[in-house]
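Please work from the sequences and hints to get the whole structure.
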Amino acid sequence: MIREIEGFLMVEAARAEGRVAARRFTERVPWLTETQAEDVQRAYVEVHLGLRRELWREAVERAGSLRGEYEERYRAMRARVIAGAWCVGVGVAGVTGIVVKMLMSAP
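Each residue of the sequence shown is one higher than the last, beginning at 14 in this note's numbering.
Treat the hints as calculated values from the structure; they're not laboratory data.
Please note that a few of the clues may not be correct.
To be verified - Label-pair restraints from in silico Cβ distances:
#1 Gly63 with Glu19: 38 to 46 Å
#2 Gly102 with Gly20: 45 to 53 Å
#3 Leu64 with Phe21: 31 to 39 Å
#4 Val94 with Gly20: 13 to 21 Å
#5 Val73 with Ala29: 18 to 26 Å
#6 Arg16 with Thr46: 18 to 26 Å
#7 Val60 with Tyr83: 31 to 39 Å
#8 Val24 with Gly97: 44 to 52 Å
#9 Ala98 with Trp69: 49 to 57 Å
#10 Glu19 with Gly110: 56 to 64 Å
#11 Ser118 with Arg91: 25 to 33 Å
A virtual CB, placed ideally from N, CA and C, is assigned to each residue, including glycine.
So, in structure tokens, the structure goes:
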């Protein structure tokens, strides 16, 4: 529900930006009739929204790609840390065994 509201607000903000840009554009073309200017503005807003949607789609795809990359890096780092901890544990156990054996065999 929240994502839907957020998406709606993003589209409306992009639409408002497109309308402002379209109005600025048609103001530079004073020979257009009011109807022509409205048609150009409507088309401009549609193109603006289309471009914005494409940018959003690319951002979502990139975010998914980055998520996969970071998850893989996390798994690799976790495996290295576990392997390192295991090696340290084995080393400590070995040293402890040697120390205990030396203490037990001491006169």
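We went through each hint and held it up to the structure:
no.: 1; hint: Gly63 with Glu19: 38 to 46 Å; in the structure: violated, 20 Å
no.: 2; hint: Gly102 with Gly20: 45 to 53 Å; in the structure: holds, 50 Å
no.: 3; hint: Leu64 with Phe21: 31 to 39 Å; in the structure: violated, 19 Å
no.: 4; hint: Val94 with Gly20: 13 to 21 Å; in the structure: violated, 39 Å
no.: 5; hint: Val73 with Ala29: 18 to 26 Å; in the structure: holds, 22 Å
no.: 6; hint: Arg16 with Thr46: 18 to 26 Å; in the structure: violated, 42 Å
no.: 7; hint: Val60 with Tyr83: 31 to 39 Å; in the structure: holds, 35 Å
no.: 8; hint: Val24 with Gly97: 44 to 52 Å; in the structure: holds, 49 Å
no.: 9; hint: Ala98 with Trp69: 49 to 57 Å; in the structure: violated, 42 Å
no.: 10; hint: Glu19 with Gly110: 56 to 64 Å; in the structure: holds, 60 Å
no.: 11; hint: Ser118 with Arg91: 25 to 33 Å; in the structure: violated, 41 Å
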